[in-house]
Amino acid sequence: MRVDAQTRSLVLLIGPALLFIAALFLLPLGTVLANTFRNEVGAFTLQGYRDFVQDPVVQKVYLRTLRLSAIVTVISALIGYPVAYAIARMRPGRRSIVMSLVILPLMTNPVARTYSWLVILGRLGLVNNVVGALNLSERPLRLLYTETAIVLGLLHLFLPLMILSLISAMENISIEIEEAAQSLGANRLTVFRKIIIPLSADGLILGGTLVFTGCITAYVTPALLGGTRVLMLATLLYQRAMVLIDWNSATIIAVAMVVTTLGVYRILRLFRPRTI
Amino acid sequence: MRKALIIILVASFVFAAAGVINTATAQDKPVLVVSTWGFNQDLLDKNITEPFEELYGVEIVYETGNNSERLSRMLERGENPGVDVVHFAGSFAYTAMQEGLLQPYDPEKLENLDELYEWAQDPLGDNYAIGYAVSSYGLFYRPDMVEEPITSWADLWREDVRGFVSIPDMGTTNGPATLVLIARAFGGDIDNLEPAWEQLPDLVDQLVTTYTRSSELISLVQQEEVWVGAYPSFSWGQLVETGVPLEPVIPEEGLAGFLSVVSIVKGTEQEDLAHKYIDFLISHDVQLAEALDLVDSPTNATVVDIPEDIAAQLTFGEEIIDSLIFLDEATVAENLEEWITRWNEILVQ
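As given, the protein sequences belong to chains S and Z, one line each in that order. For the first sequence, position 23 (counting from the first letter as 1) is numbered 52 according to our numbering, and the numbering increases by one without interruption. For the second sequence, position 331 (counting from the first letter as 1) is numbered 346 according to our numbering, and the numbering increases by one without interruption.
Source of the hints: derived by calculation from the structure; they are not laboratory data. Among these hints, one or two may not hold up.
Now the stretches of chain S that chain Z is said to cover, found in silico as 3 or more residues with beta-carbon under 8 Å [unchecked claim]: (1) 46 to 55; (2) 111 to 120; (3) 183 to 193; (4) 212 to 224; (5) 252 to 259.
No farther apart than 20 Å at their CA atoms in a straight line, the calculated lysine to any residue pairs in the SDA-like style are these [stated by the list, open to error]: (6) S/K89 / Z/T356; (7) S/K89 / Z/L215; (8) Z/K281 / Z/G140.
The C-beta atom is built at its ideal place from N, Cα and C for all residues, glycine as well.
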């Protein structure tokens with residue numbers, strides 16, 4: 030009886046939200062998804078997915094998306110570790126100031142933030158001005174609409190997520206463990222390698238997942254810095270849906286993005302250490 | 016008492032009469048439903064809607080939306096179009112014709128038809144559409160950056176403009192024209208695109224990027240990323256506004272011409288009125304008014320008296336009109352998918 034009442038109130042509490050999501054999100058999503066498995070006469074087919082996998086443009090774009098996302102994740106881990114370590118070991122007052130500096134990029138509008146890269150990397154931009162002043166190149170360099178530009182933009186966008194995840198993991202490592210290791214003869218590098226990294230691996234996995242999946246799904250940055258030729262999955266999806274009005278293949282791209290994201294999450298979880 | 020009675024009587028007559036007139040206008044005024052884009056609606060009302068309604072004592076109701084929205088709406092309605100006249104870009108009119116949504120016009124009912132340029136009179140064949148406005152697609156370059164003038168699409172391959180070229184994506188309206196003009200530049204044409212396919216791989220390094228919307232081209236020019244580009248004529252005003260020095264070019268291969276067409280919808284009950292509307296739309300006076308307001312460039316050859324500063328912003332004048340080439344919509348529709356695939360394999364990196 031008691032359980033029943035509990036269930037009832039649970040249904041009552043969840044009901045409205047569930048109804049809302051089901052009617053306005055799951056139902057249309059399901060319809061669109063179901064259409065990708067149908068041919069013109071409505072019979073079941075996998076042709077759409079077969080075409081998708083065999084499309085050389087898709088192959089190129091898919092591999093690029095994975096490659097650039099991996100590059101951004103690795104670089105953000107390399108940059109993020111020392112920063113996070115330094116911040117985790119700071120005095121609380123100073124730490125909150127530095128933390129807010131780290132978070133600042135997350136609080137800027139992504140369009141504005143990406144436009145700042147247009148200003149830096151453009152033909153009349155900062156980099157080209159320096160190159161011109163030093164007479165390093167006869168003509169302004171083409172920096173925009175390249176993979177490098179996309180990597181820079183994504184790194185700028187997602188580095189804070191990596192740093193924050195690492196900080197929260199490192200905060201739990203008490204300073205005494207480091208001191209104990211040092212007193213037993215480990216140098217600072219060994220401490221970092223054998224103590225800090227394994228104990229903060231959870232944060233690294235979490236940060237890596239956030240950065241990697243974020244890179245796969247980001248749209249504004251690759252759209253503005255990659256243009257219409259250096260495509261990533263998100264920009265390819267937009268082209269298929271809005272320029273070619275090909276909803277079916279756009280949906281298939283969306284499915285591929287979701288599956289890839291989930292796959293990356295599962296794979297990265299395997300690396301979680303089972304120590305302690 | 017009698018006075019009051021008279022006043023009441025007179026008043027009731029007046030109201031009754033007003034009522035009769037009211038119902039008369041509401042019931043007897045024929046309604047013409049026109050499907051169009053909805054751009055510049057205030058100017059269209061001034062130049063077309065109001066004078067036409069007054070002339071024939073009718074009412075025009077507009078249904079607006081972009082080409083593909085309106086086409087899919089018509090497809091859904093099928094037998095009961097609910098629309099009498101439709102405005103489309105040429106390629107969409109071709110699809111609508113293929114789908115059996117249009118009916119041929121009767122040339123006998125269009126007094127002004129003979130005044131149109133020949134290419135505008137029956138662009139889809141079998142009297143399915145009339146080109147009432149023309150736009151073009153050409154090249155521009157920056158005279159301050161490019162020493163030797165650009166005169167041909169082949170110049171996009173020149174060493175001195177490497178990395179500063181932008182052209183539209185294949186999936187856009189101007190994609191097919193881009194392909195055909197490139198083929199012409201290297202000795203081919205729409206029925207022989209091989210020369211274009213052979214040259215395209217070398218264009219990859221010439222491009223800064225491609226664009227899908229003219230607004231993207233405009234910001235590329237503004238950021239000085241582009242020295243040479245292909246542009247649709249309607250964006251010229253905004254390109255000039257960037258303040259970057261630009262020189263328009265009529266390339267040796269010609270300017271690609273695009274028609275906005277008007278057609279009668281199959282199943283209309285206002286066939287006569289639909290013809291009157293089209294005839295009005297292509298008449299000298301309406302075409303001139305639309306041109307002076309920079310809404311559309313005329314296809315009526317009798318429109319000649321346009322001031323130079325306005326003409327410069329239109330697809331207008333002997334030199335431009337003579338260099339226009341029009342793509343065969345049937346060939347484009349048939350091959351577009353293959354072109355897009357092949358193009359993307361080369362150009363999407």
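Status of each hint after checking the structure:
Against chain Z, the region 46 to 55 of chain S contributes 0 residues with a C-beta closer than 8 Å to a partner C-beta. That does not satisfy the three-residue criterion, and the hint is violated. Beta-carbon proximity to chain Z at under 8 Å applies to 0 residues in the region 111 to 120 of chain S; the threshold of 3 is not reached and the given coverage is violated. Proximity of the region 183 to 193 of chain S to chain Z, defined as three or more residues with a beta carbon under 8 Å from a beta carbon of that chain, is not established by the 0 residues found. Taking a C-beta to C-beta cut-off of 8 Å, the region 212 to 224 of chain S contributes 0 residues in contact with chain Z, too few for the three needed, and the coverage statement is violated.
Interface restraint, the region 252 to 259 of chain S with chain Z: holds (4 residues with C-beta to C-beta distance below 8 Å; minimum three). This hinted pair checks out: S/K89 and Z/T356 have alpha carbons roughly 13 Å apart, not beyond 20 Å. Among the hinted pairs, S/K89 with Z/L215 is consistent with the structure: their alpha-carbon atoms are about 18 Å apart, no more than 20 Å. Pair hint Z/K281 plus Z/G140 holds up; C-alpha atoms about 16 Å apart against a cutoff of 20 Å.
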